[in-house]
Amino acid sequence: MKPRKIFAASGLAVAALLLSAVSFGATKAEIDERVHVAMHQFYELNPQHKDLVARAKGVLVFPRVTKGGAGVAGEFGEGALRIDGKNVAYYSISSASVGLTLGLAKHREVILFMTQEALDKFMNGHGWTIGADTNVAVLSKGAGGDYDTQTLQRPILGFVFGEKGLLGDASFEGSKVTKLDK
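In the working numbering, the protein residues as written are 1 to 182.
It is worth saying that the hints were derived from the structure and are not from the lab.
Each hint should be verified, as a subset may be incorrect.
[Claimed, not checked] No more than 20 Å apart at the CA atoms, straight line, and that leaves these computed lysine-lysine pairs for PhoX-like:
(1) 182 x 28
(2) 164 x 121
(3) 176 x 106
(4) 121 x 57
(5) 179 x 57
(6) 106 x 50
(7) 28 x 179
(8) 164 x 86
(9) 179 x 86
(10) 121 x 28
(11) 86 x 50
(12) 57 x 86
(13) 121 x 179
Can you make the complete structure from the sequences, with help from the hints?
In structure tokens:
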């Protein structure tokens, strides 16, 4: 198959993945249950996570983020913003990229807003794109790793964990977070 046809076919596959995720979006009850399970798993990874969550002004949880592609990649997931242990709003996360991506994988993401200012900026924005300007400290290593004092001073902490599949790219960079009407 010619490279142009491969590129077009992979682009169509990614579009189908993203469109099916949007058209078959989870219900509020399904997201609530998935968020509960994801937080339980997050706490099991490292006992210090409970203390971090208790200090956070808000916690954005994406219990199932699917990313895949062949050259052209797409990512989609749905989750909830938790304040004081309760889900207060629902969000989707998505991204698209062109490059050396090959495979399909799923993971979980937990984003902690450690300051009221960071949480307010997120909640009052119309869509939020995670990039270099958002000042997110990404802590991976299965989200069970230790963190240093300097990292904990960041206004937003992001964790990626529960990776399953064959894709070597689990990052927040370029991901767009959008509020859902649920």
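To see whether the hints hold, each was checked on the structure:
1. A threshold of 20 Å between alpha carbons decides the hint, and for residue 182 with residue 28 the separation of about 6 Å falls inside it, so the pair holds.
2. As the CA atoms of residue 164 and residue 121 are separated by approximately 32 Å, the hinted pair breaks the 20 Å bound.
3. With a C-alpha separation of about 17 Å, the suggested pair residue 176 and residue 106 falls inside the 20 Å cut-off, and the hint holds.
4. For the given pair, residue 121 sits about 12 Å from residue 57 by alpha-carbon distance, which is consistent with the 20 Å threshold.
5. Of the pairs offered as hints, the one joining residue 179 and residue 57 holds, with about 18 Å between alpha carbons and a cut-off of 20 Å not exceeded.
6. Pair hint residue 106 plus residue 50 does not hold up; C-alpha atoms about 24 Å apart against a cutoff of 20 Å.
7. A hinted pair counts as satisfied when its Cα atoms are at most 20 Å apart, and residue 28 with residue 179 qualifies at roughly 13 Å.
8. The straight-line distance between the Cα atoms of residue 164 and residue 86 is roughly 27 Å, outside the 20 Å bound, and the hint therefore fails.
9. A hinted pair counts as satisfied when its Cα atoms are at most 20 Å apart, and residue 179 with residue 86 qualifies at roughly 16 Å.
10. Under the criterion of a C-alpha separation no larger than 20 Å, the hint pairing residue 121 with residue 28 is inconsistent with the structure, at around 24 Å.
11. Of the supplied pair hints, the one linking residue 86 and residue 50 holds, its CA atoms being roughly 15 Å apart against a limit of 20 Å.
12. As the CA atoms of residue 57 and residue 86 are separated by approximately 12 Å, the hinted pair is consistent with the 20 Å bound.
13. Distance restraint check for residue 121 and residue 179: the Cα-Cα separation of roughly 14 Å lies within the 20 Å cut-off, and the hinted pair is therefore satisfied.
Comparing the model with each earlier hint shows violations of hints 2, 6, 8, 10; every other hint is respected.
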